[in-house]
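Chemist: The chain contents come next:
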Amino acid sequence: MACQGLQGGETVASLKRESESLRKKLEEERKKLSDIELNQVAEKIEVLGPLSIKTRRVLKGHGNKVLCMDWCKDKRRLVSSSQDGKVIVWDAFTLNKEHGVALPCTWVMACAYAPSGCAVACGGLDNKCSVFPLSLDKNENLSAKKKSVAMHTNYVSGCTFTSSDMQILTSSGDGTCALWDVESGQLLQSFHGHTADVLSLDLAPSETGNTFVSGGCDKKANIWDMRSGQNIQSFESHESDINCVKYYPSGDAFASASDDATCRFYDLRADREVAVYQKDSVIFGASTVDFSLSGRLLFAGYNDYTINVWDVLKGTRASILFGHENRVSRVRVSPDGTALCSASWDNTLRVSWAAYL
Amino acid sequence: MTIRNPLRDHGQRYRPRIACLKKVEKVLLEMQDLKTGVKSQPQRLVITTIPHAITGEDIISWLADRFQVDTQEARSFGSMLVALGYIYPLQDHKRLVIKPDASLYRFQTPYFWPTQQWPVEDTDYAIYLAKRNIRKKGILELHEQEHYNRLHKWMNHKWDFIVMQAKEQYRAAKERKKPDRVVFDCQERAYWVVHRPPPGTVSAMDYGLDRLIDPNADEMIFTQQSIMRPRVKSSVSIGALVKYCATYNSHDPFLSKCLPSNPWLTDDVTYWTLNMPYVEMPTKMRVERWTFSFAELLSDPRGRNDFRLFLKKEFSGENLAFWESCEDLKWGEAATMSEKAEHIYKTFLARGAPRWINIDGKTMEITVKGLKHPHRYVLDAAQTHIYMLMKKDSYGRYQKSPVFKETVKKAICPEEHHFTDAQLEQNAKKRRPSLSPIILRQMEQEQRAKMAATVDITQVMSKLSKQRKEAPPPPCPPPCPPPKK
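Protein chains in written order, with full-length UniProt numbering: chain G, 1 to 357; chain X, 1 to 485.
Errors might be hidden in some of the hints.
Derived lysine to aspartate or glutamate pairs resembling DMTMM-like cross-links, with alpha carbons at most 20 Å apart [to be verified]: (1) G:K147 / X:E333; (2) X:K22 / X:D33; (3) X:K23 / G:D280.
Don't read these hints as lab results, they were simulated from the structure.
Could you put the whole structure together from the sequences, leaning on the hints where they help?
Modeler: Given below as structure tokens:
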């Protein structure tokens, strides 16, 4: 974050004015190529049929708020972490608990499954992110083989592996994101630019892409180049903290969820916001979002215990899911798109899917 | 830069983050409108009457009408109003939910709203508990008793003050008229249920951790760079987003049926078995996805293998091998990075390399220069060049090749399952765990070793046959420095 002193002839007021006028100019440039809106293009598309989504699996076992979860690439296992420091690996299909680790800290806000399915990463109020290799031996204490990888100066809010088990990307309450080498714990790259807590990040799905998006309490969503550490694009249209960001499956757009009760959709190539998902009756903050496999549906978890399902293209709400008895902290669609898992402060995780009549 | 917010204010002060509170207040005001708001009635207790009581069902129907939503959603919304403390239940006061029946509720007085300007301090809570204790000993519930003991311990230094305040408030309350006192007691009790929830009560004021940094700091932006940034016409980029949805619509299990069936729905895992990463015969749907984009083909291990087979037949397998090695370098361990870069150079880029790849002079120059000080992205330019080559040339030819056509012909199209209820029950009972990813990884590594061995033999054979036709290229020293030991 840059805190330069005033140069000769500048005052705080004049800097503010210059900053404002630059921002206006940026908006004008963006508008020049805005020759059509998403909902106009969407008029030609078929309306979605009635969605019937059932929630039939409930994963019970955490003794406290579940803060985060992540699917394994095998499409049925998942890892979840909670406020009391427990991290559990489940086979969501059979409801079996396969592994459990107890971290010495509380509020484990971030957890991720390694691409190989053989390790998990988690972190939170201990300001660290650690990687635990999983073992076939049920009696083995997973904490013994723990690798301490990331070290921030404040809580770790999000973490994810890159394409391999060897690197993790973390976001933190200290306002930065960082890329780490798992084996050595070395900091490979750090990303500065947010002026407040960074609450979420997501890696671009593209094969050649080396970018990721982050969102934070400064109401900004930033796109970063992993190689140079540079902030290459920034979007500031939310009115409150951004709790979660997630790429559209093609990698050319992303969605964000915010405390201002809206979810927004940003087109990266057009460099602008193209949709806002909101409704009069939805006034509580959105804490998490994820797309269905085709990108047509956006699942969003809210602080009023519900999950709203939005039609990404038409901007309307396609469905609403009830069932949780406290805030929904995380929603994630499984890797093959067959199911949605939602984690909540009501100590449970629920798995939902489409049913056909 | 961390600026600690010194006040633990439990969300009392209005902050942009708890934006919903201002919106809720607007709704509350509407609900209390004498003409258009929720109808209220007096509630008769034994001796007294509590005015302006409203029923759960009236609240729900008012909300359903106001927001044009169904009763389930209205009920959920109403429960949030109770969980935040704007409405409180007169019966069953520890459950902060709206019941869709004649249960009674009241609007909380603004004095006790969550957005008042003072924090919900433990001192106030201690005074409240002490006051109740004075009024009737033994009235505190178990969790309140625990809180009381804890507060008594660490606030011991000001306990005299607390008891004095409690006595004062108790005395002042006695001077009020009985109906007012009953109402105030209800309101105050409701307030504390929200801000110090009993075990098992879900209160919306439990908002988790404080976020630490105050986002009012001014910053220098990179706006000028952003202005110069190249962008695409909205019609083009939005068009692409919409097209993506349309392309993948039939592959999205939330929008179209999975064949044979969604394992979560029917408890039958055939779908997953047919779509294992390295299955011999892929499904038709899976093969169709390979035609959507080159990235799709490469990201599916089975698809990549098919492509690899095609390239082997064309003797251009080194392109894919190079690309894979570059990925391994980028995402691999930091410790082995220099070694890997060196190995890749020797295998693919050096003159006379066994699997030499064809890249243009400029890219080669940049790459070789970069290799003097190798870092994980040193091969980026070369990798992108090769990726584009495969995407624009090989990918197209692959889709027209006999290898692909053969795969398409043999691809499976499973019949849709039609289970009876009895069968579904059986399926649920027969759910079994699957092979652990740890075991699968071992198997995969064995597979890969096998594949590498087969490819190497072919390359050696082709090299030998070429050497019979032409003289071997002159040896030359590699320009990059030997690896540091």
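Chemist: Would you mind marking each hint as holding or not holding in the structure?
Modeler: Here is how each hint holds up against the structure:
Between G:K147 and X:E333 the CA atoms are separated by roughly 14 Å; this keeps the pair inside 20 Å, and the hint holds. At most 20 Å may separate the alpha-carbon atoms for a hinted pair to count; X:K22 and X:D33 meet this at roughly 17 Å. Of the supplied pair hints, the one linking X:K23 and G:D280 holds, its CA atoms being roughly 10 Å apart against a limit of 20 Å.
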